[in-house]
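Protein chains: 2
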Amino acid sequence: VTVGDLTERDLIARIQAKLPPAPSWLPVGIGDDAAVVEPERNRLEVLSVDTIVEGVHFDRAFCPPDVVGHRALAVNLSDLAAMGAAPRAALLAMALPAALEVDDFDGIVSGLVTLAAEHRLHVVGGNLTRSPGPLVIDVTVTGTVKRRQVLTRGGAKPGDAVYVSGAIGAARAGLALLQMTADSRLTTDDSRLTTDDSRLTTDDRRLTTAYLRPSPRVRLGVLLARNRAAGACIDLSDGLSDGVHRIAEASRVGIAVDADALPIPAAARAAFASRGCDPVAEALAGGDDYELLFTVRRRRTRSAVAAAKLAGIPITRIGECTERGGVVLRRAGAETPLSSMGYSHFGAASPA
Amino acid sequence: VTVGDLTERDLIARIQAKLPPAPSWLPVGIGDDAAVVEPERNRLEVLSVDTIVEGVHFDRAFCPPDVVGHRALAVNLSDLAAMGAAPRAALLAMALPAALEVDDFDGIVSGLVTLAAEHRLHVVGGNLTRSPGPLVIDVTVTGTVKRRQVLTRGGAKPGDAVYVSGAIGAARAGLALLQMTADSRLTTDDSRLTTDDSRLTTDDRRLTTAYLRPSPRVRLGVLLARNRAAGACIDLSDGLSDGVHRIAEASRVGIAVDADALPIPAAARAAFASRGCDPVAEALAGGDDYELLFTVRRRRTRSAVAAAKLAGIPITRIGECTERGGVVLRRAGAETPLSSMGYSHFGAASPA
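Sequence order for the protein chains is A and B. Just so we're aligned, residue 217 is where the first sequence starts under this note's numbering, counting upward by one. Just so we're aligned, residue 217 is where the second sequence starts under this note's numbering, counting upward by one.
Worth flagging that the hints you see were computed from the coordinates, not collected in a lab. Treat the hints with care, as some may be off.
Taking lysine to any residue and the SDA-like style, the derived pairs with C-alpha atoms no more than 20 angstroms apart in a straight line are [as the list claims (entries may be wrong)]: (1) B:362 x A:259; (2) B:234 x B:336; (3) B:373 x A:362; (4) A:362 x A:519; (5) B:373 x B:479; (6) A:362 x B:542; (7) A:362 x B:258; (8) A:362 x B:257; (9) B:373 x B:256; (10) B:362 x A:519; (11) A:362 x B:336; (12) A:362 x B:239.
Remember, it's a predicted structure, so these values are computed and weren't measured experimentally.
If we strip away everything but chain A, and leave its shape as in the complex, we get:
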């Protein structure tokens, strides 16, 4: 059965069946012209939208449907996390090729709704339409944060330490593995790959999971905002180099990054090295790490460490903000200018 066999109403009913009961702040949910929510008092509302397009942001050859749904929402949750906002409502808009299997449609919705439930985010509405081309998923999220606690990219000051959460480079290494495996598989066998491909080692699987099922750092972002540990904050969806440059520009500071301090997992280092690539360069350029990059004043160091402990996410000091402008990489005792590498031509292929 493909989605072309069903009506929009049928498809909406399949989504509704997966949703928990409406929370009290949702006077009107799915089924009217628009959703109506009641924001909390004295809280700002944070809005974000992200689109993922088949063939650009995901490849159904190695992304199972629930992974597609998970990733479509994770991108947005990561943006809320970077603002220090607690997730609240989501709108799900999809342009669907008529030939899409209904099972795959259900799988996409399941992946998204499962991740939403983990973060107490409620799907309050959306839009379904046909696509004569690729599958396009567009998710809008809203979140709330107190006015004085919003984390922006512009709050860094010279002397601040620069931290990153979790690990970087794992998603990029995982994507490369998935692409290689899919390529070799497709030449011999037409069946769809999944992550439980038996030829992947445990280390490999850790890398592919980092790409397929990223965990947006929502709790860490909220805690860093609440205890005012972070000055500036951004998520790394477009890569570490890009993130460092954007904070430096928005905050008008320089940033020096220590190559040796970067938390690149051993498995990712090995994977990059086996292909003759420099692990540091790869980890700096790689997108798809839904980690947070943030700056911390000297006297707020303990608060940052406390937030990380409470969130259960390791954080690593990878550099510092400097008075003089420019972004540099410190490596083997030398400082070299670091390019942003995130500013790819719009038409060119990019990892995210």
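Based on these hints, arrange chain B on the given structure of chain A.
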């Protein structure tokens, strides 16, 4: 120059250049991980998203770029109007084919931003990405309304009068004209059609404008909500029959529609009749009329008339809500069941 020659940043800068200064309720606008807005106190927030896809919802053969942008936003504003909400913020997400001309990109943004300014809606953020297929535009809007004033589809009661704003059928007649003109033009000349095609009469142009540049009834919706004139309300994006059915279902009432009362413009009647089509059937089925369909209690009739006068939009009583279920069409002294006609198969071509 095509969008493939520019970076995402270049394109965002072109959008920002068209925006008015940020209002006071927008602490963080375009350029951070997410936008931050400050909703008013004691007001509910209304959220809506709509996607338009090239080849499904619009045809660039006869929709100039500013029309595409206008329509992408009009769909959403119409949803806010149907809830009685005053527009506030919009997020603009686009999936762009690399070969799209930058002039066309600019034109789309202009059409959208111009309509936004007319309704005091501010573009606060969005997302741009590549599309390997059609142009996809996804607009999310937020609006505000007082809790007791929200208009839903569920507020109709037996005995209420049923009203429609403006005219119906004009957009459908206009679309048919545009398609015919485009077909005949394309066989002789490859150049792009615009609405000022000299072969269209004044009447024709009124119809094509109804399709190309619909005016969402935002002010009327807000006024109907404020003076509590309307019980139930819906917008007619999916057609009058569909709207009547949806109010009847959500409110658990029957609705009788008087065929002779339908405000179908003479030019549209003539256009339908010249193709051997029944004007009433066409107007009932036709989508793309961004009018409001609403119900009014007997004692609130004056309030509804006052709201319409203040908004400067004619309203027409086209029927009434009945105790017994079912939707019927009264015509030439007979009552016949009216099908919803809006529930087309998801894969099938539909007017909107």
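Run through the hints listed earlier and report the numbers of any the structure violates, in increasing order. Violated: hints 3, 5, 6, 9, 10, 11.
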